[in-house]
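Student: Sequences and hints are given; from them, build the entire structure.
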Amino acid sequence: MATLRDETPLTKTIRLELDDWSGHRAGQHVDIRLTAEDGYQAERSYSIASAPEDTQLALTVERLDDGEVSPYLTDELRPGDDLELRGPIGGYFVWEEPYGGPLLLVGGGSGVVPLRAMLRHWAAGPRDVPVRLIYSARSLEEVIYREELTRLAEETGLEFHLTLTRQWPDDWAGHRGRIDRALLDQVAFPPAQRPLVYVCGPTAFVETAAQALVASGHEAGRIRNERFGPTGT
Amino acid sequence: MEPLDGNAIAGSLLEYFGDEMTLVRGTCRHCGAIARIAELRVYGRAPGSVVRCRTCGNVVMVLVTIRDEPRVDSRHLELLDPPGQLTA
Chain F
1 MATLRDETPL
11 TKTIRLELDD
21 WSGHRAGQHV
31 DIRLTAEDGY
41 QAERSYSIAS
51 APEDTQLALT
61 VERLDDGEVS
71 PYLTDELRPG
81 DDLELRGPIG
91 GYFVWEEPYG
101 GPLLLVGGGS
111 GVVPLRAMLR
121 HWAAGPRDVP
131 VRLIYSARSL
141 EEVIYREELT
151 RLAEETGLEF
161 HLTLTRQWPD
171 DWAGHRGRID
181 RALLDQVAFP
191 PAQRPLVYVC
201 GPTAFVETAA
211 QALVASGHEA
221 GRIRNERFGP
231 TGT
Chain L
1 MEPLDGNAIA
11 GSLLEYFGDE
21 MTLVRGTCRH
31 CGAIARIAEL
41 RVYGRAPGSV
51 VRCRTCGNVV
61 MVLVTIRDEP
71 RVDSRHLELL
81 DPPGQLTA
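Quick note, the sequences are listed as chains F and L, same order.
Oh and the first sequence: position 195 is 195 in this note's numbering, straight run, nothing missing.
Oh and the second sequence: position 71 is 71 in this note's numbering, straight run, nothing missing.
Just so you know, the hints here were simulated from the structure itself, not pulled from any lab data.
You may find that some hints are simply not true.
[As the list claims (entries may be wrong)] Which residues of chain L face chain F? A partial, calculated answer using Cβ under 10 Å: (1) 10; (2) 15; (3) 65; (4) 68; (5) 82; (6) 84; (7) 87.
[Claimed, not checked] Partial chain F-side listing against chain L, Cβ under 10 Å, derived: (8) 12; (9) 30; (10) 38; (11) 43; (12) 89; (13) 211; (14) 215; (15) 219; (16) 229.
Bear in mind the structure is a predicted one, so any value in this text is a computation, not a measurement.
Glycine included, C-beta positions come from ideal geometry on N, C-alpha and C.
Tutor: What follows is the structure, given as structure tokens:
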């Protein structure tokens, strides 16, 4: 492990120096395995936050209070420590330039992590594909990569829509409340443009967003979902 | 318990089949619905996961890891593509 950076009070980005890495595709994840002194093992999946073009592999990890792996990664890990990692993994929740678009990215909470990898990959390329990000977070302080996403929106053609679901500043001019059909109808590419859609977040978030997209007339076959959660951990 | 999806078992399947599996399509032997492995419903995670058809809800695959060795019972899922398919 090379460096650690606080993103929000609950999330940190871990940058890794890897001896033997064949490269990855935007949207893929890795499995991290921890082994205790008594041999007990725990393994969890973490989305890759960096683009294939980035020099270091980055993971953004959200600390779960009852987690077995994330508290170690966010609280105990120090630069120079070794990690047992398997990957890159996954081929379904992947976006690459030839897939085209328009590209619609819909993220809830730390579900924005693989979408950020796709955005960085998009920004490093010819940017021929129109792209929009709709990101739902509980409060402004829980927005991961806020500065970077805001800057990307200013400097590139990215259209960035942020909605806050629990708390917002008094002068908040952005969206409020959960992502629903009304918000999607307002800010998503219209179904007639046949956007390629990637939805990532907790299971309930993904179910709601994907169903609203289909109800709005988006093609189910062009919507790719990735659910994550503390389920079963 | 809220299910995850087939993306969550991609690592175990990679180890077992020796290649990427999430884009591989399978037919549910209970109801005949076709879905990509990434689209199946996954309850629990390694070392033990139960995978259900997203259409009829019946069990199509069971994964367990025994002494570091992944084992997969996929007799209720007819795989339609070879492992390693990289694009949809």
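Student: Hints first: check each against the structure and report whether it holds.
Tutor: Structure-based check of each hint:
1. Interface hint status for residue 10 of chain L: upheld, as the beta-carbon distance to the closest one in chain F is roughly 5 Å, under 10 Å.
2. Using the Cβ-Cβ criterion of 10 Å, the hint placing residue 15 of chain L at the interface with chain F is satisfied: the shortest such distance is roughly 8 Å.
3. For residue 65 of chain L, the interface hint holds, since its Cβ comes within 10 Å of a Cβ in chain F; the closest pair sits about 9 Å apart.
4. Given the 10 Å rule on beta carbons, the hint for residue 68 of chain L holds: about 9 Å separates it from the nearest Cβ of chain F.
5. A hinted interface residue such as residue 82 of chain L counts as satisfied when its beta carbon comes closer than 10 Å to some beta carbon of chain F; here the least separation is about 13 Å, so the hint is violated.
6. Hint status for residue 84 of chain L: holds, given a least beta-carbon distance of 8 Å to chain F, under 10 Å.
7. This hint holds: residue 87 of chain L has a C-beta 8 Å from the nearest C-beta of chain F, less than the 10 Å allowed.
8. Below 10 Å, beta-carbon pairs count as interface contacts, and residue 12 of chain F has none with chain L, the closest being about 22 Å; its hint is therefore violated.
9. With a least beta-carbon distance of about 8 Å to chain L, the hint placing residue 30 of chain F at the interface is held under the 10 Å criterion.
10. Interface hint at residue 38 of chain F: violated, since its Cβ lies 16 Å from the closest Cβ of chain L, which is beyond the 10 Å cut-off.
11. Nearest Cβ of chain L to the Cβ of residue 43 of chain F: about 6 Å, under the 10 Å cut. The hint holds.
12. Of the supplied interface hints, the one on residue 89 of chain F holds, with its beta-carbon coming within about 5 Å of a beta-carbon of chain L, less than 10 Å.
13. Hint status for residue 211 of chain F relative to chain L: violated, with the closest Cβ pair at about 13 Å, above 10 Å.
14. Nearest Cβ of chain L to the Cβ of residue 215 of chain F: about 17 Å, over the 10 Å cut. The hint is violated.
15. Here the hint on residue 219 of chain F is broken, as its CB sits about 13 Å from the closest CB of chain L, past 10 Å.
16. The criterion of a C-beta within 10 Å of any C-beta in chain L is met by residue 229 of chain F, whose closest approach is roughly 6 Å, and the hint holds.
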